[in-house]
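Visitor: Residue numbers (the working numbering), protein chains in the order written: chain A, 1 to 69; chain B, 1001 to 1333.
Some hints here could point you the wrong way.
What the hints assert, rightly or not - Covered stretches of chain A, as calculated for chain B (at least 3 residues, CB under 8 Å):
1. 26-40
2. 47-61
Stated by the list, open to error - In silico DSS-like cross-links for lysine-lysine, where the CA-CA straight-line distance does not exceed 30 Å:
3. A:Lys67 <-> A:Lys29
4. B:Lys1017 <-> B:Lys1310
5. B:Lys1317 <-> A:Lys29
6. B:Lys1240 <-> B:Lys1322
7. B:Lys1256 <-> B:Lys1312
8. B:Lys1009 <-> B:Lys1087
9. B:Lys1037 <-> B:Lys1020
10. B:Lys1327 <-> A:Lys29
11. B:Lys1322 <-> A:Lys67
12. B:Lys1284 <-> A:Lys29
13. B:Lys1322 <-> B:Lys1058
14. A:Lys14 <-> B:Lys1058
15. B:Lys1227 <-> B:Lys1164
16. A:Lys14 <-> B:Lys1037
17. B:Lys1113 <-> B:Lys1183
18. B:Lys1240 <-> B:Lys1009
19. B:Lys1327 <-> B:Lys1312
20. B:Lys1240 <-> B:Lys1017
21. B:Lys1284 <-> B:Lys1113
22. A:Lys19 <-> B:Lys1058
23. A:Lys29 <-> B:Lys1009
24. B:Lys1240 <-> A:Lys67
25. A:Lys67 <-> B:Lys1284
26. B:Lys1017 <-> B:Lys1037
27. B:Lys1317 <-> A:Lys19
28. B:Lys1087 <-> A:Lys29
As the list claims (entries may be wrong) - Computed footprint of chain A on chain B; a stretch qualifies when at least three of its residues, placed anywhere within it, have a C-beta under 8 Å from a C-beta of chain A:
29. 1037-1045
30. 1175-1183
Keep in mind that the hints were calculated from the coordinates and are not lab data. Cβ coordinates follow ideal geometry from the N, Cα and C atoms, glycine included.
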Amino acid sequence: MVVIIVPVIIDMEKCGQIKDCPLEGICIKICEQGALENKDGELVLIPENCDDCDLCIQNCPNQAITKDE
Amino acid sequence: MVFIERNGKEKRSLTHKNEKCVGCGICTDICPTDSIKLGPILPIARGLIETDFININKDMCCLCGLCAFSCPFGALELNINDVDAKKLDNYPRWMHDALIDEDACIYCGRCEKVCPRDAIYVNAIMPSRADLVIGEAEIDRDKCIYCGMCEEMCPANAISINTKEVSSNSPEIADGISIDKSKCMYCGICKRICPEDAIKIICTTCMLRDEIKEPEIEGSIVLDNEKCINCGWCQEICPKDAAIITKPFDGEIFVKEDITCKGESCHACADVCPCNAISIVENKSYINPKLCTLCGACTKACPQSGIVIKRKKMNLKNVRSKAWKTKLANLME
Chain A
1 MVVIIVPVII
11 DMEKCGQIKD
21 CPLEGICIKI
31 CEQGALENKD
41 GELVLIPENC
51 DDCDLCIQNC
61 PNQAITKDE
Chain B
1001 MVFIERNGKE
1011 KRSLTHKNEK
1021 CVGCGICTDI
1031 CPTDSIKLGP
1041 ILPIARGLIE
1051 TDFININKDM
1061 CCLCGLCAFS
1071 CPFGALELNI
1081 NDVDAKKLDN
1091 YPRWMHDALI
1101 DEDACIYCGR
1111 CEKVCPRDAI
1121 YVNAIMPSRA
1131 DLVIGEAEID
1141 RDKCIYCGMC
1151 EEMCPANAIS
1161 INTKEVSSNS
1171 PEIADGISID
1181 KSKCMYCGIC
1191 KRICPEDAIK
1201 IICTTCMLRD
1211 EIKEPEIEGS
1221 IVLDNEKCIN
1231 CGWCQEICPK
1241 DAAIITKPFD
1251 GEIFVKEDIT
1261 CKGESCHACA
1271 DVCPCNAISI
1281 VENKSYINPK
1291 LCTLCGACTK
1301 ACPQSGIVIK
1311 RKKMNLKNVR
1321 SKAWKTKLAN
1331 LME
């Protein structure tokens, strides 16, 4: 059995992508683990890099990032 | 910078000076009309965004000034009829302070190095080295072959050889050698290394020690109270107990034991701390309470809400309003 751990959940409707982010994709900049990337203007999550620090959740101006507790 | 002004019975204005603000959020906690919003303090502290730490809703602000009196960093100023209300008799006054006893200070400069706000300037004027040693040093130029060994070996870099460009019409390697008496310690290494016995060194420092005056270190130290946030670093580091700090709050701060501190991968607390009181030790947040002002910026930046501040006393005097007393008590434990 393969267990895929999804560390954080990004609500794409709330997110509105980098171009509409009031802080210009702050989640990408705040994440020092490289778990969030800007791929041609689109926010991409790389789960294996996530260290579960929650900084993206706390700093997202759109409250688009959550965690399944 | 936020500036709000209104004229009524009195002319009142509130100014936020972002350069003095640390983003602690005490004003947002205390505002009775909920008009102040704390900005993204971590991205600001990391230099990822450039914006003010707080924003004040001009329509909601009632210009009571409670934020200005509770800000320990002097980042908010209420003016009543063009006078800074902190100077008015019937308004509260902070008792936090930083003093440096110049008589006790030896101008070692440790405080200047550690001050997180660059608020201290130290200038030490050292006595001349030559006044602390006695001796004789001479080089016999007839014997010297300019081999350069003394110059290379001299621990004080006191010897210099005047080397020359060598050419077919002037096959000399050097044409002079000198000892700088302001640097020479008469240690005698040059004399011992010289293959030609060309150097004479006589050290009489021990023999004539009574003739050497007690060295006096003069200097000056300046503490910029506009920049100082009374964190206590200077007081901690001073070897002569010359710095006396009165902090804005007394109380305690600690990291909760039942949280998962992400240490190196997060370090939000260390980044927002205006006092450099937090470091990451063994992948966990370590807070030195002696260097902390209990401002609370770290508690707001921690994504795990893992830092607890218990303020026991606020060094704010002359709070006359009962309503303000009640409101300010909310900042306490």
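Visitor: All hints are to be evaluated individually against the structure, with a verdict given for each.
Guide: Verification of the supplied hints:
| no. | hint | verdict |
| --- | --- | --- |
| 1 | 26-40 | holds (count 5) |
| 2 | 47-61 | holds (count 9) |
| 3 | A:Lys67 <-> A:Lys29 | holds (19 Å) |
| 4 | B:Lys1017 <-> B:Lys1310 | holds (27 Å) |
| 5 | B:Lys1317 <-> A:Lys29 | violated (43 Å) |
| 6 | B:Lys1240 <-> B:Lys1322 | violated (43 Å) |
| 7 | B:Lys1256 <-> B:Lys1312 | holds (18 Å) |
| 8 | B:Lys1009 <-> B:Lys1087 | holds (20 Å) |
| 9 | B:Lys1037 <-> B:Lys1020 | holds (17 Å) |
| 10 | B:Lys1327 <-> A:Lys29 | violated (37 Å) |
| 11 | B:Lys1322 <-> A:Lys67 | violated (43 Å) |
| 12 | B:Lys1284 <-> A:Lys29 | holds (22 Å) |
| 13 | B:Lys1322 <-> B:Lys1058 | holds (26 Å) |
| 14 | A:Lys14 <-> B:Lys1058 | holds (28 Å) |
| 15 | B:Lys1227 <-> B:Lys1164 | violated (53 Å) |
| 16 | A:Lys14 <-> B:Lys1037 | holds (21 Å) |
| 17 | B:Lys1113 <-> B:Lys1183 | holds (27 Å) |
| 18 | B:Lys1240 <-> B:Lys1009 | violated (53 Å) |
| 19 | B:Lys1327 <-> B:Lys1312 | holds (15 Å) |
| 20 | B:Lys1240 <-> B:Lys1017 | violated (35 Å) |
| 21 | B:Lys1284 <-> B:Lys1113 | holds (25 Å) |
| 22 | A:Lys19 <-> B:Lys1058 | holds (29 Å) |
| 23 | A:Lys29 <-> B:Lys1009 | violated (49 Å) |
| 24 | B:Lys1240 <-> A:Lys67 | violated (52 Å) |
| 25 | A:Lys67 <-> B:Lys1284 | holds (22 Å) |
| 26 | B:Lys1017 <-> B:Lys1037 | holds (15 Å) |
| 27 | B:Lys1317 <-> A:Lys19 | violated (49 Å) |
| 28 | B:Lys1087 <-> A:Lys29 | violated (43 Å) |
| 29 | 1037-1045 | holds (count 3) |
| 30 | 1175-1183 | violated (count 0) |
Violated hints for the displayed structure, listed by number in ascending order: 5, 6, 10, 11, 15, 18, 20, 23, 24, 27, 28 and 30.
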